[in-house]
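There are 6 protein chains.
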Amino acid sequence: MDTATNQKHDSQPYYVAVNDEEKIFTAAFNQGLSILLKGPTGCGKTRFVEAMAHKLRRPLVTVSCHDDLTTADLVGRFLLNGGKTEWVDGPLTKAVREGAICYLDEVVEARKDTTVVLHPLADYRRQLPLERLGITLDAAPGFCLVVSYNPGYQSVLKDLKDSTRQRMVAIEFDFPAPEVEERILAVEAGISAADAAKLVRFAQAIRRLENAGLREVASTRVLIAAGLLMREGLSAAVAAKTAIAGPLSDDAQVTKGLIKMIEVYLND
Amino acid sequence: MDTATNQKHDSQPYYVAVNDEEKIFTAAFNQGLSILLKGPTGCGKTRFVEAMAHKLRRPLVTVSCHDDLTTADLVGRFLLNGGKTEWVDGPLTKAVREGAICYLDEVVEARKDTTVVLHPLADYRRQLPLERLGITLDAAPGFCLVVSYNPGYQSVLKDLKDSTRQRMVAIEFDFPAPEVEERILAVEAGISAADAAKLVRFAQAIRRLENAGLREVASTRVLIAAGLLMREGLSAAVAAKTAIAGPLSDDAQVTKGLIKMIEVYLND
Amino acid sequence: MDTATNQKHDSQPYYVAVNDEEKIFTAAFNQGLSILLKGPTGCGKTRFVEAMAHKLRRPLVTVSCHDDLTTADLVGRFLLNGGKTEWVDGPLTKAVREGAICYLDEVVEARKDTTVVLHPLADYRRQLPLERLGITLDAAPGFCLVVSYNPGYQSVLKDLKDSTRQRMVAIEFDFPAPEVEERILAVEAGISAADAAKLVRFAQAIRRLENAGLREVASTRVLIAAGLLMREGLSAAVAAKTAIAGPLSDDAQVTKGLIKMIEVYLND
Amino acid sequence: MDTATNQKHDSQPYYVAVNDEEKIFTAAFNQGLSILLKGPTGCGKTRFVEAMAHKLRRPLVTVSCHDDLTTADLVGRFLLNGGKTEWVDGPLTKAVREGAICYLDEVVEARKDTTVVLHPLADYRRQLPLERLGITLDAAPGFCLVVSYNPGYQSVLKDLKDSTRQRMVAIEFDFPAPEVEERILAVEAGISAADAAKLVRFAQAIRRLENAGLREVASTRVLIAAGLLMREGLSAAVAAKTAIAGPLSDDAQVTKGLIKMIEVYLND
Amino acid sequence: MDTATNQKHDSQPYYVAVNDEEKIFTAAFNQGLSILLKGPTGCGKTRFVEAMAHKLRRPLVTVSCHDDLTTADLVGRFLLNGGKTEWVDGPLTKAVREGAICYLDEVVEARKDTTVVLHPLADYRRQLPLERLGITLDAAPGFCLVVSYNPGYQSVLKDLKDSTRQRMVAIEFDFPAPEVEERILAVEAGISAADAAKLVRFAQAIRRLENAGLREVASTRVLIAAGLLMREGLSAAVAAKTAIAGPLSDDAQVTKGLIKMIEVYLND
Amino acid sequence: MDTATNQKHDSQPYYVAVNDEEKIFTAAFNQGLSILLKGPTGCGKTRFVEAMAHKLRRPLVTVSCHDDLTTADLVGRFLLNGGKTEWVDGPLTKAVREGAICYLDEVVEARKDTTVVLHPLADYRRQLPLERLGITLDAAPGFCLVVSYNPGYQSVLKDLKDSTRQRMVAIEFDFPAPEVEERILAVEAGISAADAAKLVRFAQAIRRLENAGLREVASTRVLIAAGLLMREGLSAAVAAKTAIAGPLSDDAQVTKGLIKMIEVYLND
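Chains as they are written, first to last, in numbering that gives the first Met the number 0: chain A, 0 to 267; chain B, 0 to 267; chain C, 0 to 267; chain D, 0 to 267; chain E, 0 to 267; chain F, 0 to 267.
These are calculated hints, taken from the structure and not from any lab test.
From a predicted model like this one, the values you see are computed outputs, not experimental measurements.
Take these hints with a grain of salt, some might be off.
Said to hold, decoys possible - 27 angstroms max Cα-Cα, derived DSS-like pairs, lysine-lysine:
{"#": "1", "chain 1": "F", "residue 1": "Lys-111", "chain 2": "A", "residue 2": "Lys-111"}
{"#": "2", "chain 1": "B", "residue 1": "Lys-255", "chain 2": "C", "residue 2": "Lys-160"}
{"#": "3", "chain 1": "A", "residue 1": "Lys-160", "chain 2": "F", "residue 2": "Lys-37"}
Looking at chain A on its own, in the form it has when it is part of the complex (with noise of 0.2 angstroms):
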């Protein structure tokens, strides 16, 4: 338990910049603004907050988030040890201890009260109370609170609330364009150009669609599964199949749509 950080990446991770979302995080980052990154499912959201903590060499704490994460579990809480009550530090006690990137992944799904206690920690404050402990933390410097939501999944009920958004300043992401799409694709599935090419070409088809019974459409992580799988010998349109058609629906209608779409794409 000799470690803050749940993530240390020697060599710099793999990600093409689709758009100027490097500089604005950089700027961010400079002058201690917290930052909401916007985006689909598997678009690349999570891959770009470890390019960017490798880049400004700070570490990076993720926390994917859920409806049951309390304060507690961020924060710190006490613990039993020998009939004393020990404190022990949250992912976030950490992060503004070391001055690392704290990433908390899905923000949407923890809960309000949640949410609330980063909100001295988001603003010019910088300062995390821990009332449990009775102080409140200055943030190391470098320490930067970055959270990620897909606004596609926004209802009444589960959305940021105003008061914590601005305390942020948001970068909007979507998928790469075509041609950036194939290089990831070549390189992450290894499979040929030919190959990611058409991938694309069928995700870019999925994309199009409107009203078409899709929740989710084929994001750049299912487009690279397919490639994995086609890497081991499985046919393109079983591929497909297996990473992109089976976890896009259970609705045999829109199934029978996205099998028809795979043999005009993906056929041999």
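Fit chains B, C, D, E and F to the known structure of chain A by using the hints.
Below, chains B, C, D, E and F alone, put in the same frame as chain A:
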């Protein structure tokens, strides 16, 4: 408490392949991808995972998911021992450390927060953050996450999040073809080929019904139960009423219909 | 605390078979199948299980299910003792270790997560994973899982999952035929055959009513209670009002109707 | 903590029988049946049970039920003492061991799971399984379970389950006849027969109202409170306004009506 | 921790009687009856109880009720101390032992289960069962239970049960008559009679409004606050805007109306 | 843990008064009244309280409220230490003991039960009952309770109770006048007066929009963030898109409108 796996097979479990499911599973396993098994109750998903674990020579850890399964139940918790709190690994953590296949049966039953903990494990990172210990485990080689659910149960409340689904590749299951199912029935229930064929014909008839008030049709599992009762000397009709009609419905009208079908298909 | 069973019978419990329920129970027991008893309140399901346990010479463990019954209540939990946490088996675990019949009365009352823990035990695996101990128990020979519920109570919220139902064979119960019920009444309440017959005729009349505002009809159990009050010297009318009409309804209109029927059937 | 009963009476509690309730209670008690008392608030159910306990020479254990009453509150729990967990009996368990009358007041307030624990105790088994101790107690001779509720409050959410009701015999209560109520009033409040008669006439008038916006009518209990205030020198009108009109309603219109009735019936 | 009462008054608290409330309170106190105070926010209920406690020479224990107030908060609980659990009395138990007046402010806020624990204490029994200790306390002489609530807030969810109400006698409160309120204002805020009269005239005007979008009208309490601000040199208009209009409403339209009234009644 | 305050300022915080808020705050503070700050997100309420605490030479204790903030979080709790439970003061209790200003930010987020605990502290009593310790603290001189909320968020579920509101005096906040806001912007973000004026003009335009699908308008806080990004070399348009448009909305249509406004007001 010296074993981390809850199933060890000395002999290959009896499983008859229906499609290319073994090939796809192996490809995904080789690439370290997570696997989603879709299919109705009682079609053999659990048995299939047991067979694949034996074939790939990996230990198997099975967890039956439910509403009340907490992240701590999967990952582990501190227990008080002699005035000291000691960490005890949960089944998922054990599987991650040992490179086992971890099978989460009926994963949609689990609370969404419990499935979010799977995210960094299910994607390219293959990591399990143990926030309460302040460390992050890299999954041992051979670790493979497999989850199953029944799309027929899907509801708005109980559904896998898209960000979870898109971290997996999907294999679809259905009941086996009649001749395969007859063979399974004869072997598993120890009844004659004729009796097995009779039961399968009855099951086929039920499966052809639509909008008959049944939420589920007769599964291979209930056919085996009927066969076992026949082996005890019950008539086919009584066995089918007990093992098939009774479990399928409580509705008087529906039950009457099933009894009539039993008279047609199973009376001597 | 030296016994794992909550019922031991020296003498065969009084039970009169209504149908082929004993034969089916024995067949399922021999094949290691789990058993689902369906039937209205007070028709003798509990007594039947007691009688079968005695006949098959297995210890019987009975658990009355309710909304708040947790998996830990069934399976066991750690209790603090002298600064050490010690595992204490729950009733299900005891039954699994001893090869007892484990009877879960009114199982639909239990939370769904509690029933999911039964899955690996109810199917061919006959295993009980004790996740908190990190081990999996194989059920001892003679272990048999029996659950009961009243289909008349069924609601969307309280219903057995199909994946639970299809792991069981079902035996249906109803009130006994008049002559059988009279015999039971005479023996259990110690009243004359004539009085027993009078009470049964009254019960039959109630059971013929439909849409009379009654959620349940008069069960064998309430007839016995009326008989016991008659033995204490109360008139048949007062006994029936107290033991039958009162428990069946609070509605003034419905009660008036029942009192009229009492005057017709039970006045001396 | 040397007594298991929360009420011991040296002298017979003052109770005037309204009907054959004492005879029925005694018959049910002799046969070991459980008893359900139905009736409006403040009609004397609690006093009746106290009187019967005294008459039958049994200790009395009373529990006021509420939404948050857990099974452990009734049955007992482990408490930590000097690093050891020690079992402490709840009131129900004490009553079972001592053969006391256990009276659960307003039982419909209790959660349904709490009432299910009564099932094996309420029927012919007369057993209390203490699952956390792994034992089952047989109720000592003289144990008798008595529950009460007010059918006027019944709602879909708060209702006794049929399987609970059918394990009991029911005794119905209503307000006493005028001459009986006058006598009770004179004795309990220590007022003159004339004043008692005046208050009862007023109560009768209120009880004749229907659809007057009152959820409950004036009970014997509130008449006694009015009488006690009169004994302190308040006028009948002020006493009735304070002890009857005030508690019965907050509605301005309804209160105005009650005040007018007070002027008619109680002004000097 | 050597005192069981949270308020001890050396001097008589300032309270001006509006009606016969002192006489009724004294009569109910003498007869051991429980008392229900009804009235709007800020009309002086709390002050009245303080004055009565002083007059009757009883210690006073006040509890502000809320949704989360558990029975244990009122009655007491076991606390761990040096490896031993020790019982610590709650405020209600202390009041019962010492014969204090126990005042539950805004009792409708408490959960219904918390009010049910008051039943045996509120009626003729005057007993507090401490189920976790296995004992029942008889209230010491002088103990008196007083509860208050605001009938204007009543809702289906938040309402006293009839069985609780009928165990109490009710005293109704309203704002004092203008001349009384002016006197209170002059004494409490230390302002001139003229200023006090001006504020009361303004309050009367507000109280005459109906259906003006106000959930509550101006209470004596907010008038005192306005007076205190005037004593600090703020103008009557600014004081009234700050202490009366601001707290009464957030609605722009309603606030505009109140400001206009301030201009009419309070501008110099 | 040697400090009870979570903010100590050596230098006066930068705050520009908009209205007579400092005078009113001082008057209320002098009279021991509690203060309610109303106003939109990011208009400077927190900074104002910091400035007043500095001016009045009181320590400041700030608590960010949320759904899950329990009374114990504010007041204190027992913690286990070496087998003994020790009481640890919460932030409110510390402020009460030290005579600090206690600022509860976004108090409507707190559960109503948590705000009820403020009642005896907020009115003339100035007392904090510590029920679990059995004592009542008198607030030290200089203690002042300040709460804030955003009336724009008000909903039926999240609203201060009238009995809480009427224990406070209210100060209303809005965004500063343009020339004041420009000055703040120039100082806080370190940008030129011309750039500051441009951003304020843009903000004014947004604030004039009504029914534009925005739940909140651009606050002073987001203008400062935009200024800070401009200081890092981003263009005014990119800075405004990142710090203003992104946080304000996820809606595609709304965002398009904001981008157009950026082109009009902020393009060079």
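Straight-line Cα separation of Lys-111 (chain F) and Lys-111 (chain A) no greater than 27 angstroms?
Given pair Lys-111 (chain F), Lys-111 (chain A) holds - Cα atoms ~16 angstroms apart, limit 27 angstroms.
Quickly compare the C-alpha distance for Lys-255 (chain B) and Lys-160 (chain C) to 27 angstroms and report which way the hint goes.
holds (22 angstroms)
Would the pair Lys-160 (chain A) and Lys-37 (chain F) pass a check requiring their Cα atoms to be no farther apart than 27 angstroms?
holds (17 angstroms)
Violation of the numbered hints given earlier is absent; every hint is satisfied by the structure.
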